[in-house]
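J.: With the hints as a guide, dock the two chains, each given alone in a separate frame, to form the complex.
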Amino acid sequence: MQPDASPEKDTAPETQMLDGKITFVTGSTRGIGWATAQLFAQHGAVVILNSRANQQLLDERVAELRSRFAATAIGFCADASETAAVKGCYAEIFKQFKRLDVLVNNAGIMQDSVLGMISEPLVDRSLAVNVKGPLFHLQEASRLMTRNKSGAIINVSSIIGSAGKEGQAVYSATKAALLGLTKSAAKELAPKGIRVNAVTPGLIQTELLRDLPEDKLAEALAGIRMGRAGQPEDVAKVILFLASDLASYVTGQVIGVDGGMIL
Amino acid sequence: MTGLDRLKAAFVQALGIPADGDFDTLAYAVTPGWDSVAHMNLVAEIENTFDIMFPTEDVIDMSSFAKAKEIVTKLGVDLSA
Numbered sequence: 020m021q022p023d024a025s026p027e028k029d030t031a032p033e034t035q036m037l038d039g040k041i042t043f044v045t046g047s048t049r050g051i052g053w054a055t056a057q058l059f060a061q062h063g064a065v066v067i068l069n070s071r072a073n074q075q076l077l078d079e080r081v082a083e084l085r086s087r088f089a090a091t092a093i094g095f096c097a098d099a100s101e102t103a104a105v106k107g108c109y110a111e112i113f114k115q116f117k118r119l120d121v122l123v124n125n126a127g128i129m130q131d132s133v134l135g136m137i138s139e140p141l142v143d144r145s146l147a148v149n150v151k152g153p154l155f156h157l158q159e160a161s162r163l164m165t166r167n168k169s170g171a172i173i174n175v176s177s178i179i180g181s182a183g184k185e186g187q188a189v190y191s192a193t194k195a196a197l198l199g200l201t202k203s204a205a206k207e208l209a210p211k212g213i214r215v216n217a218v219t220p221g222l223i224q225t226e227l228l229r230d231l232p233e234d235k236l237a238e239a240l241a242g243i244r245m246g247r248a249g250q251p252e253d254v255a256k257v258i259l260f261l262a263s264d265l266a267s268y269v270t271g272q273v274i275g276v277d278g279g280m281i282l
Numbered sequence: 262m263t264g265l266d267r268l269k270a271a272f273v274q275a276l277g278i279p280a281d282g283d284f285d286t287l288a289y290a291v292t293p294g295w296d297s298v299a300h301m302n303l304v305a306e307i308e309n310t311f312d313i314m315f316p317t318e319d320v321i322d323m324s325s326f327a328k329a330k331e332i333v334t335k336l337g338v339d340l341s342a
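Top line first, the protein sequences correspond to chains A and B.
Take the first sequence: its position 160, counted from the start at 1, is 179 in the working numbering, and no numbers get skipped.
Take the second sequence: its position 1, counted from the start at 1, is 262 in the working numbering, and no numbers get skipped.
With the rest of the complex left out, here is chain B (with noise of 0.2 angstroms):
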């Protein structure tokens, strides 16, 4: 499983969502179940993934799926490994 992959899962664990789907049209606010609430629990489920922390301006930043995968590596996860 590479990074990318449990990328995915964290998505689908925290907001319920089909591990199948497109995960590139994934925006918060905009897809149904991503809010405030679910959002908190989108970064803890990542965080915990990856064993990082969020600077508070990347849990606010984190507003899709390709904005995610850019916090990530930008925190020393590798998504292809």
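Chain A extracted, bound-state conformation (with noise of 0.2 angstroms):
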């Protein structure tokens, strides 16, 4: 899909914070990475987007960026647990714009089990999606950034990667993976200009959260000192802070996003 942008903004804030910023958010056509895409473009960004494999509703997005925000957007159709299809988005980030400033390690999978139900294949996908693409990710958008000696890399992680939660070992573990590649990813990329930071958000209204029983979404609840479920565009706006200039001098951190919660 080639770069477009359509001529009229329909929000328009002060403050571009990501002016021309060359930006990717992974698993972006729907919750956090959807509300992060929208927030980014609403600030300037350039926006690549990034569905696993759904086309259509990738197409429909990019649509919908270049005509309510006059970005300039395209999507990649590619999933991240294939190595071959993460380097190839990069290869077309370098053929198309040279370039890259944001990363955002979005996309992700959550499938619960108890301990003892817990298959080899539940362990590998989950192991595959949440923790091998964001690191060839990672890999990829810091050798981009590289180049310009500068960069942001923003990684989803989840409140259950550094609490826990019962019936969620393996998510909690590929999340707690997540954080310690930032961590490390942070310490080797600083003196490269390259920040790399996590945000672990916690009860986030998404899709995944319609699927949750009612009493299990009620004891959910109890538990948020805020009194609500955080909503994606809670998630993007810290996200955005992170990727902007405002963070310049913040790398290697977890920030949560999650109103109080207790686990």
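Hints were generated in silico from the structure; no laboratory data involved.
Some hints here could point you the wrong way.
In silico DSBU-like links for lysine-lysine, alpha-carbon gap of 35 angstroms or less [what the hints assert, rightly or not]:
1. A/Lys-114 <-> A/Lys-151
2. B/Lys-335 <-> A/Lys-206
3. A/Lys-256 <-> A/Lys-168
4. B/Lys-328 <-> A/Lys-106
5. A/Lys-184 <-> A/Lys-256
6. A/Lys-114 <-> A/Lys-235
7. A/Lys-235 <-> B/Lys-330
8. A/Lys-206 <-> A/Lys-256
9. B/Lys-328 <-> A/Lys-211
10. A/Lys-106 <-> A/Lys-184
11. A/Lys-117 <-> A/Lys-235
12. B/Lys-328 <-> A/Lys-235
13. A/Lys-256 <-> B/Lys-328
14. A/Lys-206 <-> A/Lys-184
15. B/Lys-330 <-> A/Lys-151
16. B/Lys-335 <-> A/Lys-235
17. A/Lys-184 <-> B/Lys-330
18. B/Lys-328 <-> A/Lys-206
19. B/Lys-328 <-> A/Lys-168
20. A/Lys-256 <-> B/Lys-335
21. B/Lys-328 <-> A/Lys-202
22. A/Lys-114 <-> B/Lys-335
23. B/Lys-330 <-> A/Lys-114
24. A/Lys-168 <-> A/Lys-151
25. B/Lys-335 <-> A/Lys-106
26. A/Lys-202 <-> A/Lys-106
27. A/Lys-206 <-> B/Lys-330
28. A/Lys-235 <-> A/Lys-202
29. B/Lys-335 <-> A/Lys-117
30. B/Lys-330 <-> A/Lys-211
31. B/Lys-335 <-> A/Lys-184
32. A/Lys-168 <-> A/Lys-206
33. A/Lys-256 <-> A/Lys-202
34. A/Lys-256 <-> B/Lys-330
35. B/Lys-330 <-> A/Lys-106
T.: In structure tokens:
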């Protein structure tokens, strides 16, 4: 898909925090990724969207960013667990833009299972999407960023990765791995001017939450000091901060976006 | 300045080696200063010099000056021009 832009913006924030920045948000057709993509576009960024397999929705999202924000936007359909596909994205980014300023490693899966029921395919798939994919995205992105000696990478982990939760051993292990990746990469890439940070969202109002039984949802909400589930935009705003120059001296940090959630 | 000269200049810049040295003996993890950190800087220097992007396999594979010549040629760089 080629870059394109439409002439009128329907929303123009006074401050364009990412004006002209080339940004790539993985898993960005829904939830936190989509909220982030919209906020980035609103703030003047060129936005590269990504979906695992839904080309039609991806095209619709790209068109929406172009029409609502006059943003330059393109989309890549690529599964984060397929290394060749991931690398192909960066070859295309280099071809089209020659640079990358921001990567948001958001794509991920959450499949619950109590310890006794964990299957090997579940582990393999979760590790591939939640750990291997982000690692190779980070590798490729940091190589493009190294050329300009600047960049920001934000890994979307989870409060489950830092606090753990019953029935989510696999998910928590993969999201904890992402925190280790964040801290190690931050140390390695700081001398190259590349910042790496993570956010750990709590209970966020996404499609995943809609599948939660009512009693489980009530139980979860009771453990949130702010008394409500977060919105994808709540997380997107923190990601925007970390992506922007406002966070120019912040790296290796993990920021909770959980409304004071207790696990 | 030919492509070969520019490749040599990238090595000089990234590894801090003398410009009049013997490039054919340069080797990763053997030549003093060519460690893993310098290697990534070297790759970035070569990529910027020729406006190319190495596939990761080639980043790992580039273990000598001779190998670097082979890789950039494969990526479309004419070292004689």
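J.: Going straight from one Cα to the other, do A/Lys-168 and A/Lys-151 come out at no more than 35 angstroms?
T.: 24 angstroms, holds
J.: Starting from A/Lys-168, check that the Cα of A/Lys-206 is at most 35 angstroms away, please.
T.: 15 angstroms, holds
J.: Take the C-alpha atoms of A/Lys-256 and B/Lys-335, compute the straight-line distance between them, and say whether it is at most 35 angstroms.
T.: Cα-Cα ~43 angstroms, so violated.
J.: Do the alpha carbons of B/Lys-328 and A/Lys-206 lie within 35 angstroms of each other, as the hint requires?
T.: Distance of about 30 angstroms is within 35 angstroms: holds.
J.: Against the 35 angstroms threshold, does the CA-CA distance of A/Lys-256 and A/Lys-202 hold or violate the hint?
T.: Distance of about 21 angstroms is within 35 angstroms: holds.
J.: Please work out if B/Lys-328 and A/Lys-211 have their alpha carbons no farther apart than 35 angstroms.
T.: 25 angstroms, holds
J.: Between A/Lys-202 and A/Lys-106, is the straight-line Cα distance small enough, at 35 angstroms or below?
T.: 23 angstroms, holds
J.: Hey, B/Lys-335 versus A/Lys-184, does the alpha-carbon distance stay inside 35 angstroms?
T.: 50 angstroms, violated
J.: What's the verdict on B/Lys-335 and A/Lys-235, does the C-alpha distance respect the 35 angstroms limit or exceed it?
T.: 57 angstroms, violated
J.: Given the hint that A/Lys-106 pairs with A/Lys-184, test it: the Cα-Cα distance must not exceed 35 angstroms.
T.: This hinted pair holds, its Cα atoms lying about 33 angstroms apart.
J.: Can the restraint linking A/Lys-235 and B/Lys-330 be considered satisfied, given a maximum Cα separation of 35 angstroms?
T.: 61 angstroms, violated
J.: Does the structure keep A/Lys-184 and B/Lys-330 at a Cα separation of 35 angstroms or less?
T.: Roughly 52 angstroms between the alpha carbons, so the hint for A/Lys-184 and B/Lys-330 is violated.
Hints 6, 7, 11, 12, 13, 16, 17, 20, 31 and 34 from the list above are not met by this structure, while the remaining hints are.
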